[in-house]
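J.: The whole structure should be built from the sequences, with the hints applied where relevant.
One-letter residues, chain by chain:
2 protein chains.
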Amino acid sequence: MLNSSTDPHLEKGIVTQLRGYLAQIDLADDGRLPPERELSAALGVSRTELRKALDVLEAEGQLWRHVGKGTFMGSRPLDTFADIAALARRSNPAEVMRARIVMEPEICRAAAFTATPEDIAEMRMCLTRSRQAETWRQYEAWDTRLHRTIAEASQNTLLLGLFDTLNAVRRAVTWGRLRTEPVKPLPDHHSFAEHEAIVDAIEHRDIAAAAAGMRAHLQTVERKLLDRQ
Amino acid sequence: MLNSSTDPHLEKGIVTQLRGYLAQIDLADDGRLPPERELSAALGVSRTELRKALDVLEAEGQLWRHVGKGTFMGSRPLDTFADIAALARRSNPAEVMRARIVMEPEICRAAAFTATPEDIAEMRMCLTRSRQAETWRQYEAWDTRLHRTIAEASQNTLLLGLFDTLNAVRRAVTWGRLRTEPVKPLPDHHSFAEHEAIVDAIEHRDIAAAAAGMRAHLQTVERKLLDRQ
DNA sequence: GTTGGATACCAATTTCATTTTGGTTTATAT
DNA sequence: ATATAAACCAAAATGAAATTGGTATCCAAC
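Chains as they are written, first to last, in the numbering used here: chain A, 3 to 231; chain B, 3 to 231.
Read the hints as simulated data drawn from the structure, not as lab findings. Backbone N, C-alpha and C define an ideal beta-carbon position, used for all residues, glycine too. It cannot be assumed that every hint is accurate.
Pair by pair, the computed Cβ-Cβ distance ranges are [to be verified]:
hint, chain 1, residue 1, chain 2, residue 2, range
1, B, 192, A, 49, 38 to 46 Å
2, B, 70, A, 32, 24 to 32 Å
3, A, 27, B, 63, 49 to 57 Å
4, A, 123, B, 133, 15 to 23 Å
5, A, 202, B, 142, 37 to 45 Å
T.: As structure tokens, this is what we get:
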């Protein structure tokens, strides 16, 4: 009862030992620390005792664990809002338009840097087809494809992915408005000229005009959208 | 030149043959049809010719294809590029920084419009805590929280969701860089002053300065990152 | 009797090699 | 010229094996 090995407060010693070890080691970017089996060996304690110490730190919120994954410093990654269905439920058409106005002009600016002749040819095809559209559905298909071609032309997988996410939310959001528009796009539909101005700017590598054109276009779309409600 | 096998319109025949076959067969729930190698054998045409016919149907939007996955009837599912893990696999640190430079300044501009006093108070707390950080991990935690607080202050669920997606990809991307930095952030670390300029601009509703400050900050981060490689 | 250590086992997850698949190129033949 | 076959590539799916946190069991020490 007198030697330290039976001291009931020994576990507390392991906790402090562990704290020191964790402060000292330089862990990976993801905050993952060595598996329990290695850690117990490195600290010279049994796995059972190490787990008790880890339980304490986990209760303090200093780390989190998951079977098969490992043990990680910091707080458990919060449920990201990246789920499209959840996003669409929380969002609304006004937010979608605001997000488009934030993102797409800058994506368009980047595209003006990097668009290839093939990209521009596809944009031109979208322009032609959208003018020829016989129904609003067809028009929207070519409109969507044009905007996505611009995002592709940015040559950035990640930006394209974010654009796709935004687009998926846009389609999933309940717009609540009924189509009271004419059965097919009229020849003087505002988007035609705006789209062409954007593609022209991209083709001439006029990055400022490309961004400005896209912003103006989306602001027109936003205005038309909100007028109707 | 006279027999039908050299008829230049034969390919059109293959398209119709394929249409008939697709209308006839009972495809799986996911709309997947047999791989090209099987399909060409079943239809008794070469894979090259089959692919031409598939190109036509794809251009019509009747089916979509993806390497490794297969060919599917109908339109491409919404969440194709929205998966974080897939994005992280495809992307890289340079793309992540470019995407941040595209998105965050505009989010910051929006935040300068809408930030509440509570938002700004939290930003100031992040500034203080990041200055007090004893390790790089602590610093990064407060840095991340500052940037997310700014995104929250935009009052736009969708923008916040896109920001979270970007952040998740950032954490998942393999940076491959070794930590050669000092053990703790030095008092003259460039980010401190830059962060404070951004929060100041937001507080004074100087939307142009907010966006410019964020852009300058991220460009500095990008430069430091690429220097090191 | 209680405590701690070693061991074995479980299920979730990752890892890695293999296979499959659409996309592309090359050589050959008609 | 055009079509075909074959080979090759990279993305993705697949499946076996290893890894990892969680749990139960048995045993020794006191």
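J.: Could you run down the list of hints and mark each one as holding or not?
T.: Do the hints match the structure? See the list:
Between residue 192 of chain B and residue 49 of chain A the beta carbon distance is about 44 Å. The supplied range of 38 to 46 Å therefore holds. Checking the proposed 24 to 32 Å range against residue 70 of chain B and residue 32 of chain A shows it holds: the Cβ atoms sit about 27 Å from each other. Range check, residue 27 of chain A to residue 63 of chain B: about 54 Å between beta-carbon atoms, so the 49 to 57 Å window is met. For residue 123 of chain A and residue 133 of chain B, the Cβ-Cβ distance of about 52 Å falls outside the hinted range of 15 to 23 Å, so the restraint is violated.
As the Cβ distance of residue 202 of chain A to residue 142 of chain B is approximately 43 Å, the hint placing it in 37 to 45 Å holds.
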